[in-house]
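Enquirer: These are the residues of each chain, in order.
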Amino acid sequence: MAKANESEAVVACTNLTKTYEGGMVALRDLTLNIERGMSFGLLGENGAGKSTLVRLLMGFILPTKGELVVLGERKVSRAHPRIGYLHERPYVELRFTGRKYLEYMAQISGLWGSLNSRRVSKTLELVELSAASEEKLAAYSKGMLQRLCIAQALLTDPEFLILDEPTSGLDPYSQWKVRQIIAELRGRGKTLLICSHYLAEVETLCDTVGILQRGQLIRSGTVKELIHTQDAVEIILRDEQEAGELVKRLHIGESVLETERNLLKIRASAQQEILAALVRAEVAIQRLNPVSRTLEEVYIQTTRAETNRKAEASTIP
Amino acid sequence: MLETTHAPDTRAKTGLWRSPSMTVARLTLASYLRSGWMWGEFVMVLAFLAILFFPYLESTTYFNGTVTFSLGALAILGPVVMVRQATSARTYLLLARLTSRAAYSRGLMIAAALLRVPLYAFFLALVLLLHRLTDPTPGPLFWGAVGIIPNTILVAVLTVALCSPMATRLKRIYFLTWVALLLFSFKPIITIPTWLESLLSVTQIPLWPIIACYTLSATGTFDLFSALGLVLVACLCVLIALVAGYWLEKRELLLY
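If you're matching them up, the sequences are chains A and B in order. Per our numbering, the first sequence starts with residue 1214, numbered consecutively. Per our numbering, the second sequence starts with residue 5, numbered consecutively.
Hints were generated in silico from the structure; no laboratory data involved. Do not rely on the hints blindly, as some may be mistaken.
Claimed, not checked - Label-pair ranges, simulated between beta-carbon atoms:
(1) G44/B x G1285/A: 42 to 50 Å
(2) V1238/A x Y250/B: 25 to 33 Å
(3) G1235/A x G44/B: 32 to 40 Å
Stated by the list, open to error - Chain B regions said to be covered by chain A (calculated; three or more residues, Cβ under 8 Å):
(4) 21-32
(5) 91-98
(6) 102-109
Quantities reported herein were computed from a predicted structural model and do not represent experimental measurements. All residues carry an ideal CB built from backbone N, CA and C; glycine is no exception.
Go ahead and model the full structure; you've got the sequences and the hints to work with.
Expert: See below:
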């Protein structure tokens, strides 16, 4: 991703490295920028470095090397009042009621008096927990706790939200509800960083993604770019013409990836040549589409390719 | 949706009560109360009362002397439990709201310190209500309180500072080494050269304000020595809070 001006970027990491005690390298030379208003999805398998990056962004741990600026602050904790943070697990003080807990959290953020109660009520309403606000948190379901944690992240109406596994382990309704809230926040122009294992969710909620593997950013870009970047084009022939026969007749087999009834999947690089051949043969074409992949396919291909590349590199004497 | 006022604009700057440290302290105490552990400390006071004041009646001097040690022990045990409870993965959500982690350690210290006052009051009330003192005169009891409470607060503050995540294991080992040397300086178990004995007596210096406050509670006589002791205990508490805050700021926080 292109390096942007730090003042424009909500997050600007340059060559960020984190080595834990014992020498375990969790992040290696990570350079990443998250621009204002961006909804950034951070993907990666367990141990890829996502949680380490989140901890660094929140200032819970310190980088071993490199630079990190969050909302223009090098001392990250100074930016805390402008960040909403959702931990990967809904750890809260279970002995309080939902309202009492949020009131305390708002007070710690400097919200007092009528502003405190208004904000608490509004966020409870937003996450649909108003009715359960006087119940003890110990009686909440996991989905309710997660929504409460989202509510605490929104108390100060922060400009940047870090959502670590926002729908992990939730039932389908709660997942849907949380996604609705996130989509609404995105619609309001909030800058979001979403760490998730649910790739379909990231595809829907994020405009940009980064894939981490063993502490390195192996791929990043907009979701549109990633799911459309495939060296393949789909041609659908009109009048149910048999694609397989056509390939044989026109001798274009080398550039064809796949045929199925009237569908012809070809290499994008051979698109002009094959179209010319089809026009010459007066073959009617119904539609031509660049082949889209799901983010899941992009993720699997990218991570596998990187694993294979590293395996090959390690076998070269 | 939410009002679009950003947090920094809405930050209340209206005194100590609304400071982040004080809010952390209130939250910690509320959580400690609801967990039941706070009642545990009061039950311990009952146990100390039973051990120290039954079946015999005792003097105010005896009360002031024994309460310093019993509440001192409680000022170690209670804050250890309190800090242990207050520092888990859920602390991340609190720390994520603070611009300085030091506010969190200060909050824990305020909570631990504040609780020493009702515990002392409870002990005193029990002793008086059950008529366990032979000479319950207000003067010695008042000066006793003035000497005992700061000492137990200092112990509580120090205990919080030495708990994880403020102090590392190594720092706790250093502290225990100092305690060992201190005890050895009072009563060496082997014969040591005089110069070494003098050298070891240096370890007693930080104890001086505590001794001054203890003397105040034991004798009930307020003089320049005890006044200086009280001021120094307060200064030590502030110093420990600053050091613990610095330690916490510098630490890698991996809480589970």
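Enquirer: Indicate, hint by hint, whether the structure satisfies it.
Expert: Taking the hints in turn, this is what the structure says about them:
no.	hint	verdict
1	G44/B x G1285/A: 42 to 50 Å	holds (46 Å)
2	V1238/A x Y250/B: 25 to 33 Å	holds (28 Å)
3	G1235/A x G44/B: 32 to 40 Å	holds (37 Å)
4	21-32	holds (count 6)
5	91-98	holds (count 6)
6	102-109	holds (count 4)
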